[in-house]
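**Q** Take a look at the letters that make up each chain.
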Amino acid sequence: MIGLLLLIRRDLKLAFRGGTDAAMAVVFFILAATLFPFGVGPDPEILPRIGGGVIWVVALLAAMLSLERMFSADYEDGSLEQFVLSPLPMVMVALAKIIAHWLTTGVLLLVAAPVLAVFYNLPAAAFVPLIVSMLLGTPTLSLIGAIGAALTLGARRSGVLISLLVLPLYIPVLIFGALVVDSALAGREYGALLMVLGGFLLLALAAAPWATAAALRQAIE
Amino acid sequence: MIGLLLLIRRDLKLAFRGGTDAAMAVVFFILAATLFPFGVGPDPEILPRIGGGVIWVVALLAAMLSLERMFSADYEDGSLEQFVLSPLPMVMVALAKIIAHWLTTGVLLLVAAPVLAVFYNLPAAAFVPLIVSMLLGTPTLSLIGAIGAALTLGARRSGVLISLLVLPLYIPVLIFGALVVDSALAGREYGALLMVLGGFLLLALAAAPWATAAALRQAIE
Amino acid sequence: MQGLTVKELDCVRGDRLVFAGVALAVNPGRALLLSGANGSGKSSLLRILAGLLPQAAGTLTWEGEDIADDAEAHRRRIAYIGHADPVKPGLTVCENLEFWARLYGLEPEIEPALYQFGIEALADLPARYLSAGQRRRLTLARLAVGQNSPYGPPLWLLDEPATGLDPSAVAMLANSILAHLANEGVAIIASHGGLLDEALGGHADRLDLQDAAP
Amino acid sequence: MQGLTVKELDCVRGDRLVFAGVALAVNPGRALLLSGANGSGKSSLLRILAGLLPQAAGTLTWEGEDIADDAEAHRRRIAYIGHADPVKPGLTVCENLEFWARLYGLEPEIEPALYQFGIEALADLPARYLSAGQRRRLTLARLAVGQNSPYGPPLWLLDEPATGLDPSAVAMLANSILAHLANEGVAIIASHGGLLDEALGGHADRLDLQDAAP
Amino acid sequence: MLHRFANPNRFSRLAAAVLPWVTGATIILFVVGIYFALFASPADYQQGETVRIMYVHVPAAWVAMACYTFIAVMSAVSLIWKHPLADIAARSAAPLGAGFTIIVLATGSLWGRPTWGTWWEWGDARLTSVLVLLFLYLGHIALTHAFDNPARGAKAAAVLALVGFVNIPIIKFSVEWWATLHQPASVIRLDGPTIHSSILIPLLIMGLAFTFYFVTMLLVRMRAELAARKARALRLNAAE
Ligand code: HEM
Ligand SMILES: Nc1ncnc2c1ncn2[C@@H]1O[C@H](COP(=O)(O)OP(=O)(O)OP(=O)(O)O)[C@@H](O)[C@H]1O
Ligand SMILES: Nc1ncnc2c1ncn2[C@@H]1O[C@H](COP(=O)(O)OP(=O)(O)OP(=O)(O)O)[C@@H](O)[C@H]1O
Ligand SMILES: [Mg+2]
Ligand SMILES: [Mg+2]
Chain H
199 MIGLLLLIRR
209 DLKLAFRGGT
219 DAAMAVVFFI
229 LAATLFPFGV
239 GPDPEILPRI
249 GGGVIWVVAL
259 LAAMLSLERM
269 FSADYEDGSL
279 EQFVLSPLPM
289 VMVALAKIIA
299 HWLTTGVLLL
309 VAAPVLAVFY
319 NLPAAAFVPL
329 IVSMLLGTPT
339 LSLIGAIGAA
349 LTLGARRSGV
359 LISLLVLPLY
369 IPVLIFGALV
379 VDSALAGREY
389 GALLMVLGGF
399 LLLALAAAPW
409 ATAAALRQAI
419 E
Chain X
199 MIGLLLLIRR
209 DLKLAFRGGT
219 DAAMAVVFFI
229 LAATLFPFGV
239 GPDPEILPRI
249 GGGVIWVVAL
259 LAAMLSLERM
269 FSADYEDGSL
279 EQFVLSPLPM
289 VMVALAKIIA
299 HWLTTGVLLL
309 VAAPVLAVFY
319 NLPAAAFVPL
329 IVSMLLGTPT
339 LSLIGAIGAA
349 LTLGARRSGV
359 LISLLVLPLY
369 IPVLIFGALV
379 VDSALAGREY
389 GALLMVLGGF
399 LLLALAAAPW
409 ATAAALRQAI
419 E
Chain C
-2 MQGLTVKELD
8 CVRGDRLVFA
18 GVALAVNPGR
28 ALLLSGANGS
38 GKSSLLRILA
48 GLLPQAAGTL
58 TWEGEDIADD
68 AEAHRRRIAY
78 IGHADPVKPG
88 LTVCENLEFW
98 ARLYGLEPEI
108 EPALYQFGIE
118 ALADLPARYL
128 SAGQRRRLTL
138 ARLAVGQNSP
148 YGPPLWLLDE
158 PATGLDPSAV
168 AMLANSILAH
178 LANEGVAIIA
188 SHGGLLDEAL
198 GGHADRLDLQ
208 DAAP
Chain G
-2 MQGLTVKELD
8 CVRGDRLVFA
18 GVALAVNPGR
28 ALLLSGANGS
38 GKSSLLRILA
48 GLLPQAAGTL
58 TWEGEDIADD
68 AEAHRRRIAY
78 IGHADPVKPG
88 LTVCENLEFW
98 ARLYGLEPEI
108 EPALYQFGIE
118 ALADLPARYL
128 SAGQRRRLTL
138 ARLAVGQNSP
148 YGPPLWLLDE
158 PATGLDPSAV
168 AMLANSILAH
178 LANEGVAIIA
188 SHGGLLDEAL
198 GGHADRLDLQ
208 DAAP
Chain Z
8 MLHRFANPNR
18 FSRLAAAVLP
28 WVTGATIILF
38 VVGIYFALFA
48 SPADYQQGET
58 VRIMYVHVPA
68 AWVAMACYTF
78 IAVMSAVSLI
88 WKHPLADIAA
98 RSAAPLGAGF
108 TIIVLATGSL
118 WGRPTWGTWW
128 EWGDARLTSV
138 LVLLFLYLGH
148 IALTHAFDNP
158 ARGAKAAAVL
168 ALVGFVNIPI
178 IKFSVEWWAT
188 LHQPASVIRL
198 DGPTIHSSIL
208 IPLLIMGLAF
218 TFYFVTMLLV
228 RMRAELAARK
238 ARALRLNAAE
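Residue numbers (the working numbering), protein chains in the order written: chain H, 199 to 419; chain X, 199 to 419; chain C, -2 to 211; chain G, -2 to 211; chain Z, 8 to 247.
Treat the hints as calculated values from the structure; they're not laboratory data. Possibly wrong hints are sitting among the right ones.
Calculated cross-link-like contacts (lysine-lysine; reagent style DSBU-like; alpha-carbon spacing at most 30 Å) [as the list claims (entries may be wrong)]: (1) Lys89(Z) <-> Lys4(C); (2) Lys237(Z) <-> Lys89(Z); (3) Lys179(Z) <-> Lys4(C).
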């Protein structure tokens, strides 16, 4: 338990001192979302209609981009082998890394999301559903992503591989996340959709740390 | 000149053997573009309307993502210092890296773009303008991106920094690129817009290799 | 049977047999110096002993028990230093050391460990500014942290620990190792000869992996 | 004035004065061995000599001419080997070496260079499988490629070149350096003592950077 | 018992003996199945002749899911008992499964055009989960080949296969859990099939044909893989 907190704290410190890229995900999130109106044209009718979806897609891309860094620095400088030899069980190592990833991407995305919602002229009714759906959805992204990041450690073309492995598994989260916002906009009930997102989260929470730990153990040869 | 070709060949070899990520950009491009319909909803009316813009935005993000890798491996393993000491002028080194980057991202994006256009139900009239605008636009992305990548070498948070430096400079390319497609769809004349894109390319071609070379020389201490 | 015993060990890397039939036995209070040409498998052997690499054949025992029986317990007795330095450029020297010490559940007495490897003056410098040798010293300082606690791991596996060290740092390292041996510890050290080998003198046996080449 | 001459050289890194007032002169056919504690500035000095790091004060001359006058010409006389190995894991040993040889405009005679450092058997292996010492040998093999051509750079700057090498590889390296010196070359080598220093024996002078500590 | 067939050499011999029989069975089943499917079964009163797509679509879907399940089981065997044949079986099966999945997607959208009026429906849970299945197959194949050390690739792919297995129940039950365009199961269900036997019988024959085709191809690919492995070992030993 102490080890878990220790590792999370180290990762946060590294992220905020800039060893890895804490702000990267948010900056990407904001910039990418800002680009769309330039590409699509600032049609006041279309923007709010696609806004919820675009925010979700970009959040997902942002979470994915930071995945490759999740373990690679520790893998390359030999820290990962030391983790394997440390008294901290690998599941805890995996969990700590996942939590740190979420704190440095998911949480920041949550904070940035309302700003973008304003930017896209989303009606106020969509704000709470957007935030709640992201609160339930982003940890799942970190959890699933960790498996992909660990599996591709030391692989050729690990960047592509991560996307290939992880994006398909992200699709359900994306669909339901965007559906929540859409339903809210259309004035429909979205409680059941949030339940589904919660279900995904529980499922990922139950499986991902173990799968990640197994993959990490194999990465070391 | 021989040195230039040599370096390009080496980078391509590395890319296709998977040391760096050639396919990464395309896979990201395709997957990201595939995600949008999931997020935005499959409204057959909206998709073609935003299609051209989405393709351009995603191409731009894809080109940007691969920037960070452009020099970092050579920087870290000491190859860059050897380039500085080699008889090949740094401008040529920069140019070779830019060409290799374009060949491994821009060209692949060009190949993938028609597929996505079909996917978004873009009318056939938009195909040629899309391809031509990307043919003129993507080299500019590689050229501008190289400056950002070189400037941020060894910086803390280089990932964020690159995005911050480069994206604003990408916006004009994006605007005119997307306008070309839009105009073609609306049946308007787009030759002048292509000229503007060509102008950007020439400007970038004249300035970027020198700026990149200067930045690279400073990165080494 | 005390200490570490290895019998009939084979190592395969990527379909290639690197060494075969390695046997060794190291008693508490002794060191073993591994030598052998580049590529003869010293690093591979150390990684097998640490449980980081599976052996192709052979058994490893610690105090008479097969280490495969309780991988968890084996992990706890090991301090492994590889070719790479697990040092984070963004953290200070002190923070780097503290992290590893705490993670290994050792009461972090950072100061004395820094002194022991002569980097106390650098304690608050971000590790990105360290020279190659200073970084190696920081990696090694981890050994000193746990050394005098009862939880300190008894088996040290060191892969060319003296790389990049100046002679005075090699002497500091040798002192650490000798103190560890005096505590009934075991040390297995890959090396290409040099000052460290001389300093360990009569406390160390030697094994040349060249003899185990297939 | 022949060879390399350095006068009153100061080095500052991140606000800290690393060394001051370094003076040295190396004639063709001679080597200079740099020693000094970890962090005393050996690597920094070599990088200054290579033009990779600006000095805080002082002048460097080659054959009587200030090297700042023609940085381009200076670059062409240098072969620099740093702490890191510029080796691409995705290319084979042979491809790696060939790339550097061609980039430096040297007629690539790869085979003999590989032989000279004893890695001819590994020629077609992707470099990712090399052991630490094998990778270092590959880095050093570049020196051998240009060695006997008239275009080979006359000034070798080697930063702890023997790191990770086994004794036979150190002997190969020493032979390369001696052949270079016999060709009227100049070599400046950072090192912490050991076999290489002994092998260069009477051909080398020594400079201890400790004496230049501020 | 398991280990008697698990020895690679014995497996090769066994496979060689079985192969002609399964090949023959595949051909016969296809001939009979296609005859029934094209000529000896009725056209649908609503969908007309397009219903015949079903005789490819549905068996391909069954085999695509069964193949993934097979890979998941083999992966568990490989991770727990570290059996080399399990790895080979998994990596030989993956491209076959990807092929069947592509067939499902292609025939499904061909069929969807006349019946639903659209090639593809983004929000549909069945279609989405099948698309995810295809990506899982592709990821599995890519991961197997992504490492210089084949053993590492096999292990990584095995972990992926186990993780991805959650998708199989989702494919199967998506039509019941969510309102979709796609029709619910009518053959494989707890209370027995609900369709008429004039359709059911040719469907089952085609199902068997696809299954035998899968087994045949699996055996062929596994034997090729084993032979390649042996050749590489010989070459490496010769290089020593
Ligand atoms: C790309 C689109 C489609 C995909 C990915 C798809 C996928 C599947 C899958 C995975 C199954 C196996 C279900 C199971 O065994 O429980 C299945 C069965 C079936 N599909 Fe589709 N399908 C698609 C389009 C269609 C269309 C357009 C129709 C006809 C209107 C259709 C009719 C059926 C039927 C009748 C079954 C058999 C169900 C049963 O009896 O168990 N499918 N499909
Ligand atoms: N970028 C930097 N900023 C601040 N200080 C630095 C920087 N780089 C190096 N230093 C400091 O400069 C000093 C000289 O470093 P240098 O690498 O030249 O030492 P060295 O003699 O090569 O040591 P070693 O034997 O360990 O390789 C060290 O004390 C180091 O901490
Ligand atoms: N992943 C791998 N796949 C194939 N061969 C490998 C792999 N890793 C190492 N090797 C080979 O295994 C051999 C043993 O490597 P190892 O690193 O153990 O040598 P070493 O004795 O530590 O050498 P050094 O003195 O250079 O550090 C080397 O010949 C190397 O080329
Ligand atoms: Mg080694
Ligand atoms: Mg140094």
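**Q** Taking the hints in turn, state whether each one holds.
**A** For each hint, the structure was consulted:
no.: 1; hint: Lys89(Z) <-> Lys4(C); verdict: holds (23 Å)
no.: 2; hint: Lys237(Z) <-> Lys89(Z); verdict: holds (19 Å)
no.: 3; hint: Lys179(Z) <-> Lys4(C); verdict: violated (52 Å)
When each numbered hint is compared with the structure, a violation occurs for hint 3 only.
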